Amino acid sequence: GAVVSQHPSWVICKSGTSVKIECRSLDFQATTMFWYRQFPKQSLMLMATSNEGSKATYEQGVEKDKFLINHASLTLSTLTVTSAHPEDSSFYICSAYLLHEQFFGPGTRLTVL
Amino acid sequence: EDKVVQSPLSLVVHEGDTVTLNCSYEVTNFRSLLWYKQEKKAPTFLFMLTSSGIEKKSGRLSSILDKKELFSILNITATQTGDSAVYLCAVERQGGSEKLVFGKGTKLTVNP
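Protein chains in written order, with my numbering: chain A, 89 to 201; chain B, 23 to 134.
I should point out that these hints are in silico values taken from the structure, not numbers from a laboratory.
Wrong hints could be hidden among the right ones.
Restricting the straight-line Cα-Cα distance to at most 25 Å, the calculated cross-link-like pairs of lysine-lysine (DSS-like) are [unchecked claim]:
{"#": "1", "chain 1": "B", "residue 1": "LYS25", "chain 2": "A", "residue 2": "LYS129"}
{"#": "2", "chain 1": "A", "residue 1": "LYS129", "chain 2": "B", "residue 2": "LYS59"}
{"#": "3", "chain 1": "A", "residue 1": "LYS108", "chain 2": "B", "residue 2": "LYS62"}
{"#": "4", "chain 1": "A", "residue 1": "LYS152", "chain 2": "B", "residue 2": "LYS25"}
{"#": "5", "chain 1": "B", "residue 1": "LYS126", "chain 2": "A", "residue 2": "LYS129"}
{"#": "6", "chain 1": "B", "residue 1": "LYS121", "chain 2": "A", "residue 2": "LYS108"}
{"#": "7", "chain 1": "A", "residue 1": "LYS129", "chain 2": "B", "residue 2": "LYS129"}
Computed from a prediction, not measured in an experiment: that's the story for all the values here.
Assemble the whole structure, with the sequences as input and the hints as a guide.
Right, dumping it as structure tokens:
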């Protein structure tokens, strides 16, 4: 089956620093990947759609300058949380789209101190 | 605004019970409805429903869609403790956006 990995699986950082999260499709190519954020006891909220070779499309209310997305290849999308603050602490999940189905990565738990 | 509403938000049952989880939606240009199971990490896919009235079944789980009344149910029979999880309903729109709109989920706890 289609496998998506994320790295790191968890990260703790200090307020003001930047954190990069990688999302890889391991056995297929994905022109479209999605980034979600999930707060405790809440559902997945779509942050942005990442398209290979073009700019990401951000959902309303998501700051594109704070959450930088790069989709440089058909198997890799990265999300960089710039100048992270404690309110950015969350579970970040990516998915890769293939044949009308989204395959989810295992998620990255970000804690900003 | 697209909306997906799940009920109940949480449910506690005993092993062997049968449960029904509900998902209603209001989405422009509906394409499909999906059910996921989320334990501690990312959601795992259960079902994709596109047509009304056709039940999809996988072991003790089954699901059906009603496109006229805009809802779906997920049934789990003879529940086991391993069924404890958050069950998420999501709707995909037509038009090539491929985006999913998720409900808040139903947290199911199955006690031995």
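Okay, the hints, checked on the actual structure:
1. Of the supplied pair hints, the one linking LYS25 of chain B and LYS129 of chain A holds, its CA atoms being roughly 18 Å apart against a limit of 25 Å.
2. Between LYS129 of chain A and LYS59 of chain B, the direct Cα distance comes to roughly 14 Å. Compliance with the 25 Å bound is thereby established for this hinted pair.
3. For the given pair, LYS108 of chain A sits about 22 Å from LYS62 of chain B by alpha-carbon distance, which is consistent with the 25 Å threshold.
4. For the hint linking LYS152 of chain A to LYS25 of chain B, the alpha-carbon distance of about 24 Å falls within 25 Å, and the restraint holds.
5. With a CA separation close to 8 Å, the supplied pair LYS126 of chain B and LYS129 of chain A stays within the 25 Å bound.
6. Annotation: proposed proximity of LYS121 of chain B to LYS108 of chain A holds, straight-line Cα distance about 23 Å (limit 25 Å).
7. At roughly 9 Å between alpha-carbon atoms, LYS129 of chain A and LYS129 of chain B fall within 25 Å of each other, so this suggested pair holds.
Violated hints for the displayed structure: none, as all numbered hints are satisfied.
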